[in-house]
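Protein chains: 2
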Amino acid sequence: MTQQSPQPLPDSLLDPARAPTLAGVERAAAKVAALLPRTPLLPLEADGVTLWCKAECLQPIGSFKIRGAWNRLTDLSPEQATAGVVGVSSGNHAQGVAWAAKRLGIKATIVMPSNAPAMKLAATRMLGAEVVLYDRVTESRDAVAAKLLDENGGTLVHAYGDPWVIEGQGTVGIEAGAQLAARGIDGPDKVVACCGGGGLSAGLALACPDAEIVAVEPEGWDDLTRSLAAGEILSVEDLSYPTECDALQTPQTWPINFAVLQARGVRGVVVTREEVRHAMRVVFEKLHLVVEPGGAAALAAVLAGKVAPGAATLVTLSGGNVDPQKYAEILAGY
Amino acid sequence: MTQQSPQPLPDSLLDPARAPTLAGVERAAAKVAALLPRTPLLPLEADGVTLWCKAECLQPIGSFKIRGAWNRLTDLSPEQATAGVVGVSSGNHAQGVAWAAKRLGIKATIVMPSNAPAMKLAATRMLGAEVVLYDRVTESRDAVAAKLLDENGGTLVHAYGDPWVIEGQGTVGIEAGAQLAARGIDGPDKVVACCGGGGLSAGLALACPDAEIVAVEPEGWDDLTRSLAAGEILSVEDLSYPTECDALQTPQTWPINFAVLQARGVRGVVVTREEVRHAMRVVFEKLHLVVEPGGAAALAAVLAGKVAPGAATLVTLSGGNVDPQKYAEILAGY
Numbered sequence: 000m001t002q003q004s005p006q007p008l009p010d011s012l013l014d015p016a017r018a019p020t021l022a023g024v025e026r027a028a029a030k031v032a033a034l035l036p037r038t039p040l041l042p043l044e045a046d047g048v049t050l051w052c053k054a055e056c057l058q059p060i061g062s063f064k065i066r067g068a069w070n071r072l073t074d075l076s077p078e079q080a081t082a083g084v085v086g087v088s089s090g091n092h093a094q095g096v097a098w099a100a101k102r103l104g105i106k107a108t109i110v111m112p113s114n115a116p117a118m119k120l121a122a123t124r125m126l127g128a129e130v131v132l133y134d135r136v137t138e139s140r141d142a143v144a145a146k147l148l149d150e151n152g153g154t155l156v157h158a159y160g161d162p163w164v165i166e167g168q169g170t171v172g173i174e175a176g177a178q179l180a181a182r183g184i185d186g187p188d189k190v191v192a193c194c195g196g197g198g199l200s201a202g203l204a205l206a207c208p209d210a211e212i213v214a215v216e217p218e219g220w221d222d223l224t225r226s227l228a229a230g231e232i233l234s235v236e237d238l239s240y241p242t243e244c245d246a247l248q249t250p251q252t253w254p255i256n257f258a259v260l261q262a263r264g265v266r267g268v269v270v271t272r273e274e275v276r277h278a279m280r281v282v283f284e285k286l287h288l289v290v291e292p293g294g295a296a297a298l299a300a301v302l303a304g305k306v307a308p309g310a311a312t313l314v315t316l317s318g319g320n321v322d323p324q325k326y327a328e329i330l331a332g333y
Numbered sequence: 000m001t002q003q004s005p006q007p008l009p010d011s012l013l014d015p016a017r018a019p020t021l022a023g024v025e026r027a028a029a030k031v032a033a034l035l036p037r038t039p040l041l042p043l044e045a046d047g048v049t050l051w052c053k054a055e056c057l058q059p060i061g062s063f064k065i066r067g068a069w070n071r072l073t074d075l076s077p078e079q080a081t082a083g084v085v086g087v088s089s090g091n092h093a094q095g096v097a098w099a100a101k102r103l104g105i106k107a108t109i110v111m112p113s114n115a116p117a118m119k120l121a122a123t124r125m126l127g128a129e130v131v132l133y134d135r136v137t138e139s140r141d142a143v144a145a146k147l148l149d150e151n152g153g154t155l156v157h158a159y160g161d162p163w164v165i166e167g168q169g170t171v172g173i174e175a176g177a178q179l180a181a182r183g184i185d186g187p188d189k190v191v192a193c194c195g196g197g198g199l200s201a202g203l204a205l206a207c208p209d210a211e212i213v214a215v216e217p218e219g220w221d222d223l224t225r226s227l228a229a230g231e232i233l234s235v236e237d238l239s240y241p242t243e244c245d246a247l248q249t250p251q252t253w254p255i256n257f258a259v260l261q262a263r264g265v266r267g268v269v270v271t272r273e274e275v276r277h278a279m280r281v282v283f284e285k286l287h288l289v290v291e292p293g294g295a296a297a298l299a300a301v302l303a304g305k306v307a308p309g310a311a312t313l314v315t316l317s318g319g320n321v322d323p324q325k326y327a328e329i330l331a332g333y
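Which chain is which? The protein sequence lines are A and B, in order. Numbered per numbering that gives the first Met the number 0, the first sequence spans residues 0 to 333. Numbered per numbering that gives the first Met the number 0, the second sequence spans residues 0 to 333.
Pulled out of the complex, with its shape left as it was, chain A reads as follows (with noise of 0.2 Å):
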């Protein structure tokens, strides 16, 4: 089992390095609601318990990632608003960050994985975005978007390891937490989250103070789940290990990350691809919405009853973008 340490970071990517906060959140929280309606929380009944799904495939983008990438941008000063931005994502932040740059009227470059799915490459470059292609296997993408900073300067916009994207994370808890109060519903108690890198559990778990914080990831890309029960990082061993969760395609979480992660002693789950695509058609059937592979590992993970539901629990159906081929592959295989 690979153990290395993250690298450390380059200059260029250090600015700012600040730990996310409960206020950071709140912040960003204000400045969501003023962007955008709430998305719905809807409950799902399973085995006799009410799940409270925050239906972030509603999104303007299709997922959360636009919450945190709003949140950095509009924070950005105005030397660094007109040197551009440089993302890195697999494609959800990727058009986060792309449509919040195209309403500030912001230069984007956005480092995507060659094989990212084809509705998540036209979605960014539809939204004007530079796309600079790597190699999910033999590049590391956080190499390629230092050069690209060296070369022509800009701000990096992490998909997660950064503490303005955590904070914008977070804010589907605060929304959560307000729309259980208006249906007298004191929570969310239990927090399940879909996991990559740990952006939104870490959000979640800043949003949450009070809430068990669960982090969901799928088969093969586990590192966050062992990272949190060895105490230190670890990394993906086998970086061709296949997944139809590409969103939560992450080598390894960040140490701004897995230090907020840490101190609320969250614990990661694990789930498989047949949990995944079943929890997808169970989305489809009784919440009629569309769910990507990655934004239903939460879900899944509470249906196979890997994770216990608590009185009143959060699960984030965190994106929809999934190409139409793959989605009917996976409901007609029932």
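Not one of these hints is a red herring.
Copies of the same chain are indistinguishable here, so a pair counts whether it falls within one copy or spans any two.
Straight-line Cα separation of at most 30 Å, DSSO-like style, residue types lysine-lysine; simulated pairs: (1) Lys285 to Lys325; (2) Lys285 to Lys106; (3) Lys285 to Lys101; (4) Lys146 to Lys106; (5) Lys106 to Lys30; (6) Lys146 to Lys101.
Don't read these hints as lab results, they were simulated from the structure.
Once you have looked at the hints, place chain B on chain A.
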């Protein structure tokens, strides 16, 4: 072309025969608001125009039919509630009546076509209703319902020819108007509705007195379009005409609906199977919602250029109850 007038209703179906009103819609809107969160009003960019899509597929039963059923059943007298209700429906109204009846502790019997989607039959039974099947081509569902009522008593909750039901469905328009206002937009100035018997269209015509209303029907089931053009109620000619829009397969509208629609100068528009399938795919890709064929008809008409959008166009995505195999077939066909 068959040009029969509607059959006179049996006495059992006549109570009460009052005209639906805007005041009734507003009263229903208060009841619905106390029961259910608003469904999202999602912007969809199409050829540079923003359409406002009311995501009724996100209702607990997967369609707007919960509104009319709730409005009707909550106005039953205690004696009527004890005697139970009988509904006639291709599947969505069935679930609306069953859901409301279960919640209110009322016995529900639903007359459904034997070829209704498996998902709709199963969901109606899951909600505790008794299902009585009929043959869509050779039997009249109204006659089957009338026989049940004559034999066992109870109150008919018709799928569209009922003032409470019309007023309940109209609450879609009240909600949408409030949601547009929250975004600083006057409107809607145009309303495009998926149309079977004309319950939703008539409700929207009452709810949005200043808007142009367009009722969209599927090819072969265009009785209302022809009726509105002719100024008299006409029937579907060929009850075996194939369509994927099972929710919109109604042989003819009822006088109570026709009166409202005619008074408002509503016009009908007809869409093809391929236009509907294209709209379902657009909703999948851009909004990440699952809509059934009948729930995509209104959008299909706009995307096909058959209805010109207004300044603030409300489009109903009226339901999402489609069998997964059918949905997979439609997505994979591209």
